[in-house]
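Trainee: Take the sequences, apply the hints, and build the full model.
Just so you know, the sequences run in chain order Y and X.
Mapping to the working numbering: the first sequence position 82 is 82, numbers consecutive.
Mapping to the working numbering: the second sequence position 116 is 116, numbers consecutive.
Treat each hint with caution, since some may be false.
[What the hints assert, rightly or not] Simulated crosslink set (EDC-like; lysine to aspartate or glutamate; CA at most 16 Å straight-line):
1. Y:238 with X:118
2. X:52 with Y:217
3. X:227 with X:174
4. Y:238 with X:124
5. Y:239 with X:118
6. Y:238 with X:117
7. X:62 with X:9
8. X:62 with X:80
9. X:219 with X:9
10. Y:89 with Y:105
11. X:52 with Y:224
12. X:52 with Y:218
13. Y:239 with X:117
[As the list claims (entries may be wrong)] Here are the computed distance ranges between Cβ atoms for each label pair:
14. X:17 with Y:201: 32 to 38 Å
15. X:183 with Y:209: 35 to 41 Å
16. X:116 with Y:50: 26 to 32 Å
17. Y:236 with X:80: 33 to 39 Å
18. X:144 with Y:62: 32 to 38 Å
19. Y:75 with X:144: 40 to 46 Å
20. Y:65 with X:175: 42 to 48 Å
No wet-lab data here; the hints were simulated from the structure.
Remember, it's a predicted structure, so these values are computed and weren't measured experimentally.
Note that the Cβ used here is the ideal one computed from N, Cα and C, for glycine as well.
Residue-level listing of the chains:
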Amino acid sequence: MLKDITLGQYFPGNSFIHRLDPRTKLICTVIYIAALFVAKSYITYGVLLLTLVLCVAVSKIKASAMLKGMKPLALIIIFTAILNLFYIKGGTELFSFWVLTVTTEGIKTACFMVIRIMMLISGTFLLTYTTTPMSLTDGLELLLNPLKKIRVPVHEFSMMMSIALRFIPTLIEEADKISNAQKARGADFETGKLTERAKALLPLLVPLFVSAIRRADELAIAMESRCYHGGEGRTRMKKLSLKLSDLMTMVFSLLFLAGIIILARFGF
Amino acid sequence: MKPIIQVKDVYFRYEGDDPLSSALNGTTLDIEQGRFVVILGHNGSGKSTLAKHLNGILLPDKGCILVDGMDTRDETKLLEIRRTVGMVFQNPDNQMVASVVEDDVAFAPENLGYPPEEIRLRVDEALKLVDMYDYRLHSPHLLSGGQKQRVAIAGVIAMRPRCIVLDEPTAMLDPAGRHEVIDTIKRLCREHGITIILITHHMNEAIDADRVFVMSNGKVVSEGTPKEVFSNVEALKAEGLTVPDSVELIYQLRLAGLDIPKEALTVEETAQAIATALK
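Mentor: Here you go:
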């Protein structure tokens, strides 16, 4: 059951988007999200949707994978739709029932909100689907580097993130082992009331935490033995480098955002 | 030859432990450059504590440790000491930092601040030395125990150390994995002149050593070539240790009344000795 958990899902590939520098992809995703919040009309939304579809097509990620990833967020999407449907008043009233009134404006806003959230999720999925967690961490560290000047421990954060990613499969394996050991001794994780099942998890979580702390201790010693002494003076084997295509992509994204802003200004 | 590591009358007690029971109780030993040295001892004999002293992870309460003439208590020399003496631990899972084999091997040279081209060179060289070059783009958690441990060794070799300390590197491995690891470290010693200090309680791994130290209660109680150390079976058994299977066999044959020389150590030598005695 635990093997199904995948974090930072990455779909290997060699498309134009896969090959972009993670920093470029991070920046473009932020720009895209900004554009989404600027857009207000059918035209701007249409342009944004078209861009997204085009990017997904270039990345060769299957549309079904995108939709599958949205499943856990379905509840939030539905909730937002219902909330907007009843709370936005304006336009002609279609029908009302008790305190609930549905208007044409409400339907329009609800539709826009749902599309906006779905596009937002797809946009960020495109980032994590085409970038390995490792290069994402590296990209984030480099982008946040200026924050070191105001003493934000950027290197430490990214080190913690990459070690966490490294240990996810190890800890999942361990949790599986412990759960099998407990099952062999009669533990029952699958039946009973929710509170009972939560209680049954305790003998799984306690040994898992104890072992994680022991691992952390050993890892710290192993890292020190390999001359780790913080981020100072540390170099990297694989240097991220911005290529011409990265710069072009970023410039294009900025122009794109500017275009959307101008369109929105003129009421489109 | 000048020893690469000198341990001089070292005392050490873990914080919070009983004041009367020290982990190290006046340990003294010298290790010469380029040798294959095995340190034996039962659980709690202080052998792992000693290992952590050899690259300054732990510092002695009393006495001193010199690595290539540098005192481990000298903080300015700490990186130099850790680059000279590499350390491999028991659990391969708990010493890997990266999700890709080659990134993990690159960790140490990255910490030492070498330029990217130099790191690439060292990583490829180290992976080839342990015969794991073909796996450089794999994820460590999909490798076998023996392969993981070889990657851990490569991660240390990438620092180009003069000495590698291995603290029970085979304890969690199956027999095949154990074989892989022991073969690899023997090759590093014999062909590349790297000093190997192997800490183990598998007696069979000590047969090919140049020098064996036996530890008990935080002290070296016996040292010499494997032949010298294993010739005294009773003394080793008194320390709660076993002897290699071949030595045990000859010991039992002698007890049973067969007149056979005690010097045999390897399987071939033992077979020869038994064959001669039976003629």
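Trainee: State for each hint whether it applies.
Mentor: Evaluation of the provided hints:
1. Simply put, residue 238 of chain Y and residue 118 of chain X have alpha-carbon atoms about 11 Å apart, close enough for the 16 Å limit, and the pair holds.
2. For the hint linking residue 52 of chain X to residue 217 of chain Y, the alpha-carbon distance of about 14 Å falls within 16 Å, and the restraint holds.
3. The straight-line distance between the Cα atoms of residue 227 of chain X and residue 174 of chain X is roughly 27 Å, outside the 16 Å bound, and the hint therefore fails.
4. With a C-alpha separation of about 13 Å, the suggested pair residue 238 of chain Y and residue 124 of chain X falls inside the 16 Å cut-off, and the hint holds.
5. Using a Cα cut-off of 16 Å, the hinted pair residue 239 of chain Y and residue 118 of chain X holds, with the two alpha carbons roughly 13 Å apart.
6. For the hint linking residue 238 of chain Y to residue 117 of chain X, the alpha-carbon distance of about 9 Å falls within 16 Å, and the restraint holds.
7. Simply put, residue 62 of chain X and residue 9 of chain X have alpha-carbon atoms about 8 Å apart, close enough for the 16 Å limit, and the pair holds.
8. This hinted pair does not check out: residue 62 of chain X and residue 80 of chain X have alpha carbons roughly 22 Å apart, beyond 16 Å.
9. Taking the CA atoms of residue 219 of chain X and residue 9 of chain X, the gap is about 9 Å. The hint holds against a cut of 16 Å.
10. For a cut-off of 16 Å, the pair hint linking residue 89 of chain Y to residue 105 of chain Y stands: about 6 Å separates their Cα positions.
11. Our distance criterion of 16 Å between C-alpha atoms is met by residue 52 of chain X and residue 224 of chain Y, whose separation comes to about 11 Å.
12. For the proposed pair residue 52 of chain X and residue 218 of chain Y, the alpha carbon gap of about 12 Å is at most 16 Å, so the pair holds.
13. Proximity of residue 239 of chain Y to residue 117 of chain X is assessed by CA-CA distance (about 10 Å); at most 16 Å being required, the pair is judged to hold.
14. At about 35 Å, the beta-carbon gap between residue 17 of chain X and residue 201 of chain Y stays in the expected band of 32 to 38 Å.
15. About 38 Å separates the C-beta atoms of residue 183 of chain X and residue 209 of chain Y, a value consistent with the hinted range of 35 to 41 Å.
16. The supplied range of 26 to 32 Å is broken by residue 116 of chain X and residue 50 of chain Y, whose beta-carbon atoms lie about 40 Å from each other.
17. Against the hinted window of 33 to 39 Å, the Cβ-Cβ separation of residue 236 of chain Y and residue 80 of chain X comes to about 22 Å, which falls outside the hint.
18. At roughly 33 Å, the beta carbons of residue 144 of chain X and residue 62 of chain Y sit within the given window of 32 to 38 Å.
19. A C-beta distance of roughly 42 Å is found between residue 75 of chain Y and residue 144 of chain X, which places it inside the suggested range of 40 to 46 Å.
20. Restraint check, residue 65 of chain Y to residue 175 of chain X: a C-beta distance of roughly 43 Å satisfies the suggested window 42 to 48 Å.
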